[in-house]
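Chains as they are written, first to last, in our numbering: chain C, 1 to 264; chain P, 1 to 345; chain H, 1 to 290.
Incorrect hints may have been included.
[Unchecked claim] For lysine-lysine, the following BS3-like pairs were computed, each having C-alpha atoms within a straight-line distance of at most 30 Å: (1) LYS155/C - LYS181/H; (2) LYS181/H - LYS5/C; (3) LYS268/P - LYS116/P; (4) LYS143/P - LYS268/P.
[What the hints assert, rightly or not] Footprint (simulated), chain P over chain C, 3 or more residues, beta carbon under 8 Å: (5) 30-37; (6) 121-127.
[As the list claims (entries may be wrong)] Short, incomplete list of chain H residues facing chain P, as computed with Cβ under 8 Å: (7) ARG18; (8) GLN131; (9) ARG132; (10) ARG238; (11) PHE274.
Hint data in this document are derived by calculation from the structure and do not stem from the laboratory. Beta carbons: idealized from backbone N, C-alpha and C, even for Gly.
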Amino acid sequence: MTLPKILLRVFVGLVLLWLMIPIVIIVPMSFSGARFLAFPPPSWSLRWYEAYLASPAWMQATRVSLTVAVSSAVIATVMGTAAAYALNLANSRLVRSLQVVLMLPLVVPIVITAVGVFLVYANVGLLATMTGLILANVMLGLPYVITSVLVGLRKFDPAQEMVSRSLGMNRLRTFFIVTLPQIRPSVITGLLFAFISALDETVVALFISGGQYQTLTKRMFTALRDEIDPTIASISTLLTAVSFLVVMLVALSARREHRQNAAS
Amino acid sequence: MRVTLSIPMITAALLLSAAAASAEQITFVSQGGAYQEAQTKAILDPVAKLLGITVNQDSSPDAWPVLKTQTATGKPVWDVIDTPTKDCIRGGEQGMIEKLDFSKVPNAADIPAEYKTAYSVPYEFYSSVLAFNKKKYGENGPKSWADFWDVKKFPGTRALRSHPMATLEAALLADGVPADKLYPLDVDRAFKKLEELKPHVTVWWTSGAQSAQLLADGEIDMEMAWNGRVTAVIKEGAPVGYTFNQGFLQETSLCILKGAPNLETAYKFLNAAISADIQANFPAYIDYGPGNPAAYKTGKISPERAAQMPSSPENAAKQVLISVAWWSSPAGEEAQKRWASFIQK
Amino acid sequence: MSMSPINPSVAHDRRERRLVLLLLAPALVVVGCLLVVPLGWLAWQSVRQEGGFTLAHYARFLTDDVYWMTFLQTFRMAFIVTAAALILGYPVAYVAAGASRRWSIFILAMVVLPFWTSVLVRAYAWLILLQRRGLVNSALTDLGLIDAPLTLVNNEFGTIVATVHILLPFMVLPLYATMQKIPPELTMAGSSLGGTPLHVFLRVFLPLSLPGVVAGMVLVFVLTLGFYITPELLGGGRTYMVSMLVSRNIEVYNEWGAASSISVVLLACVFFIFRIASLVIPFERIMGAR
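If we strip away everything but chain C, and leave its shape as in the complex, we get:
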């Protein structure tokens, strides 16, 4: 190996290490015995996990966040997959410009989106409601689903649909029996991104959630303003672990499927 190559790899290794730093810090801090954030922790305890699990307010926020993330991810995946299918089907210029519209939630700076959603909700009475939170996150998740499913559809050979339909299956059945199984990895990726983006979404939630329906991230944000203690670190550790687990499960199932397909 030449020297520049070694240097390049060392550089990349350092960048990756730098990316890991916050996780390396947060996990031990969550087991801290101290009242304030400190690294390395002066003593060890599980008190911040207890503080989180024993608090009705945190638990309520967790339920809200999970409900919002799961339902908005599912809805966004259904809507987004339908939209991506249509976008792939059509070739007119008009439809193309519609695609730009559907990508807007990713492009418009999040504060502006938050203000906009707030305005709409204030007028129709959706502030501080579960429906409102879910709808907003459906919108924010759509671009992820559409992008991901479009990638899958572009790889998919439309001739297969033609064949299936010439055999007398209608369009809907064709989609579920022929197309969907083949684009499934992209659909799952989209679902996953929508789920994580909803789980981590903070700015819009700051504007529109409240009362009983406060998301975990909103509570975390206000908690960080009010009281900086390691509870936040323990919640984040749990969140990271959960997200990680979900990703691993999906990766594993995708792999098993891949193997099964290869075997059959």
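Starting from the known structure of chain C, fit chains P and H onto it as the hints suggest.
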């Protein structure tokens, strides 16, 4: 497969959250942190138990903007807020705060008239004090705002709240204005004096938690912070000292939102929360003084404890009472708007 | 018209078009109601005052220095963050694209891993690390490299470190996607023709990776323009971004006109950047759907 699993999850979550909403309830909003935690034990839980209601809590360090937007929609989510008196008054004048029907608040009779307004009852007293790192300065830390401004005698990093209230007053005291001649504030003079210190201010803090973390980390050597935040850090063993000298005494009040979803329960709550007996619980949990002076007569507060309270006569004498009236005036509003440009430049 | 015999292919086309619209409708309704309509309302609001037309909200950009200074600082920040993300991200994507499948998956996993940790908490991790008595400063002091602690956080520097950290995946992923498609034979051919590795890289690989560079830069730049949480927490109250100006105008001053005009100008900047970039590569490609 995975998708179908989620449906029962959603249902379960919705059911759980619905169950929490059945009893008679109000949403109470305070400023969060150790302060709200202490209130929960001192006031909120006892009141909830006494009245048999559920007190939902929300926290917002600056409730005013949320108040404005909530009432603008005509359907506020909050019922009772614990907020600076100024917000109760201007909120009342702008039709966002309920004009109190004092016949429903009999306990307010104990409270001196000068603490009450048509829209609010006093809740607790706190103070913005000068806190410093003892490791850096020993026992001979800065004792006045003139010391705070003296970067030669007291080198080190500083932090101030990113808000003009109390900060402008501190600048004027540092510039030699006598405490009894502060109001109306000479805003130009205050900003000029602040401009002098600006290069030495490391952090303009925006939340009480941040000010406490800064002291605990030793990130800054001295700052203006709320006395309860400072004592919380000291209790954790951080080498921090503070002085009530030239502190700024402020109170927060309780008021009810106009169109509050649970108006009657809100009144019941308000009345119970300011009773002398409940108010006397405050000092046991936090270093903020009760808003109802009758609390000192209940025998629940020891004289030693009373001496640590920002509102005790001895401590109050060293401090300056912030003029809510001036800050609610057009000049006060103007000073607040000027703050953004000051910070930015 | 409806009486005339319908050409079967025209009928088919029409049915096809109806299906397309039907499938797009739900998504369009959601984005339309929650985003397009309020954006229109904001634009309308930005030229209204007390029931009449006004340009007063825009005039503030000329008269009030806070406005243009905030935009200046935000753009400055976006440039620095984009440049830093490119410098850090390009080598990572390059190595990942050239590595074996197993390694490239590993590298990409490392790049997206921090994505699962809340942005809020990451901000505090940086605070702990970079503050005056934080790990970095005490390590540097112990090593004798510095005498006095450096100011690494509660300023623009700390904000940049955390922002680049959050946005790096948005740089690496499009870069990787582009580089992965560059046939290895091309670079091999280059070197077999006697080019030095650097020469081959500059003449062959770099130009071919440019679409990825543009896509990554546009994404990072635009996302930085709208950044909110990180500067708020790590800027020491001094790093003032456009998004903070928007929210402060609403929350503290309740000035919808001012907030609207700032939003409109910021949006115009964002769309302009996408427009320019789309001259080089198509919009869908920036967004990752190739």
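### Hints the structure fails to honour
Going through the list in order, the structure violates hints 4, 7, 11 and respects the others.
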